[in-house]
Every structure is written in C-alpha cells, then in structure tokens.
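Make a model of the complete structure from these sequences and hints.
Chain order of the listed sequences is A and B. In this text, residue positions in the first sequence follow this note's numbering: the first is 1, and each later residue adds one. In this text, residue positions in the second sequence follow this note's numbering: the first is 1, and each later residue adds one.
Think of the hints as simulated: they come from the structure by calculation, not from any bench. Among the hints, a few may not be true.
With a cut-off of at most 30 Å between alpha-carbon atoms, the simulated DSS-like pairs for lysine-lysine come out as follows [stated by the list, open to error]: (1) 64/A <-> 83/A; (2) 15/B <-> 53/A; (3) 83/B <-> 63/A; (4) 53/A <-> 39/A; (5) 81/B <-> 53/A; (6) 81/B <-> 39/A; (7) 64/A <-> 15/B.
Since we're looking at a predicted model, the values are computed, not measured.
One letter stands for each residue in the lines below.
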Amino acid sequence: MTDFDYQQLDDIIHSRIRLAIMSLLITVDEAEFTFLREKVHATDGNLGMHLKKLEDAGYVSVKKEFVKRKPASAYALTQMGRKAFELYVERLEHMIRR
Amino acid sequence: MEPIDAQQELAFIRKVMADSRTAISDDGKGLIVWGTLVVAGMVTMYASFQFGYPISKTLLWAVLIGLGWVYTIFHEMQNRKTKRFSTFGGRIVGSLWLGCGVVMTIVGFLSPMTGALKPWAIIPVSSLVIGIGYLVTGVVYDDRWTRFSALGWWAGAIVMMLWPGYYLFLLFSAMMIIFQIVPGVRLYQQWRLHQTSEGR
Chain A
1 MTDFDYQQLD DIIHSRIRLA IMSLLITVDE AEFTFLREKV HATDGNLGMH LKKLEDAGYV
61 SVKKEFVKRK PASAYALTQM GRKAFELYVE RLEHMIRR
Chain B
1 MEPIDAQQEL AFIRKVMADS RTAISDDGKG LIVWGTLVVA GMVTMYASFQ FGYPISKTLL
61 WAVLIGLGWV YTIFHEMQNR KTKRFSTFGG RIVGSLWLGC GVVMTIVGFL SPMTGALKPW
121 AIIPVSSLVI GIGYLVTGVV YDDRWTRFSA LGWWAGAIVM MLWPGYYLFL LFSAMMIIFQ
181 IVPGVRLYQQ WRLHQTSEGR
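Shown next, in the form of structure tokens:
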C-alpha cells in the first residue's frame with residue numbers, strides 16, 4: 001500500500017466514546033463501569049451501548065459480579081482489542097507522517 | 001480524514017491515557033503512615049542512646065512495625081472493596097513494596113537476635129532496600145522525583161556505612177521525612193484534589 005486509505009481505520013474504534021473507552025482500557029488491567037462512566041463523561045445508556053458494540057466485536061470482555069450485594073461489571077481489553085487499538089494508532093501515525 | 005484530524009485524534013488518545021494515569025496514582029497514605037512510624041522509632045532510639053533512657057528496643061519496634069502492618073492490611077482490604085480499576089503497574093509496585101517490607105521486617109528483627117548483622121547496620125541496609133523500592137516505583141509511575149530519591153537513599157546508606165554513629169537515627173529520620181513523608185503528603189494532596197474534582 002503506497003497511499004494511506006483513511007477508510008482502513010477501524011470503524012468500531014473510530015467513534016469518540018469508543019476511542020475514549022479503548023484509550024482508557026489500554027492503561028489498566030480492568031476497570032469498572034462507574035470508573036469508565038466518570039472518565040468518558042457518558043450516560044449509563046450511551047456508555048452501555050458503546051461497550052456492547054466493543055464487546056460484540058470481541059475487543060472488550062466483561063466480568064459481572066456482586067460487590068456488597070450490588071452488581072458490578074468490570075471491563076478489560078481482549079488480546080484482539082489490544083491489537084486493533086495498536087493498529088489504529090499506527091495508522092493514525094502513518095497518516096500524519098505521510 | 002485529513003492529517004490535522006489524525007493529529008487531533010492522537011492528541012485525544014494521549015489526553016485520555018494521561019488522565020487515566022492521574023487516577024491511577026497512589027493516595028500516599030501508606031508513605032505517610034510508615035514514614036511517621038519509622039521516624040517515631042528512630043527519634044526514640046536516638047533519645048534512648050544519647051540520653052540513656054532505658055527502653056525495650058524489640059518491644060518498641062514490634063509495636064511500631066506491628067501498627068504499620070495492621071494499617072497496611074486494613075488499607076489493602078478497604079482498597080479491594082472500593083477499587084474500581086486495577087493495573088499491571090499497580091500490582092508490580094504493590095508486590096515490590098510488600099517484598100521490601102518483609103525483607104526489612106526480617107532483617108530488623110532477626111539480625112540483632114542472631115547476630116547476622118551488626119545492630120547499627122540495619123539502618124543502612126534498610127536504606128538500600130528502600131532505594132530499590134523507590135527506583136522501581138519511579139520507573140513504573142514515570143515519576144522523575146521518585147526515581148531520583150533512590151539515589152538519596154543509597155547516598156545516605158553509603159554515608160551511614162562509612163561513618164557509623166548515633167547520628168544515624170537522626171539522619172535516617174531526616175531522609176524518611178524528605179524522601180518519603182513529604183512526597184507522601186504531595187501524593188495525598190493530588191489524590192484529594194482528584195477525588196474532589198470527581199465529586200467523591
């Protein structure tokens with residue numbers, strides 16, 4: 001490939017909220033829903049929808065448990081998600097260098 | 001997508017990652033508690049030697065170190081209940097300090113009993129171990145001051161090994177205040193500010 005094709009940017013990641021989620025999750029082993037909500041500044045419904053999309057793509061895994069009888073969901077990047085994020089950043093850098 | 005957009009996108013990623021790192025930082029309470037306990041022990045030891053106050057050194061340190069461990073275990077249990085994220089770096093730093101604490105506890109209590117080390121040597125050896133802890137912590141959290149403080153701990157250890165004396169207690173106390181309690185207070189203030197900004 002000689003010319004950079006922006007359409008090769010991963011559509012799943014190429015959204016502000018999902019990109020923020022991926023950027024956060026790359027820095028941690030796992031993070032709870034409430035932590036992501038505070039950092040991403042999204043509503044429960046909006047964040048849940050984007051997390052579901054990342055989960056369906058196999059980029060994010062979720063672990064649901066009860067803490068003090070309250071449900072808590074911990075999210076983590078999968079190996080596939082980590083690779084996709086690295087590729088996404090690599091392509092952005094390639095675009096700037098062009 | 002134009003290159004300018006790509007730059008904005010990368011800048012956004014960096015900002016989110018940097019923001020997440022500030023959330024990861026320690027609350028500094030452990031540094032303050034352990035530092036204060038050790039300074040209390042060191043000053044008491046100095047007064048005991050310098051002014052001839054009779055005290056049970058083993059009992060003194062058993063109480064202080066015991067209090068430190070009780071605090072650490074309690075704090076860790078609380079953290080596990082309320083922690084909303086975990087990091088690989090955090091686990092490394094936690095394990096490192098746990099290891100350093102165990103080593104210093106063993107050296108501090110067993111070497112005077114067994115004669116494995118001269119009693120005065122416990123302080124510079126502890127200083128060397130603490131230096132390792134600060135170096136690795138500084139590298140993991142990418143904090144220059146923490147990394148450089150390792151040099152302070154090692155320089156102090158060299159001075160103490162070359163010129164042993166009662167002043168060791170005061171020098172170690174001063175090092176503990178400069179390289180541990182003050183950074184601990186700084187961390188605690190940052191952590192409080194972060195908590196307030198998040199409305200917790």
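Sort out which numbered hints this structure fails and list those numbers smallest first.
Violated hints: none; all satisfied.
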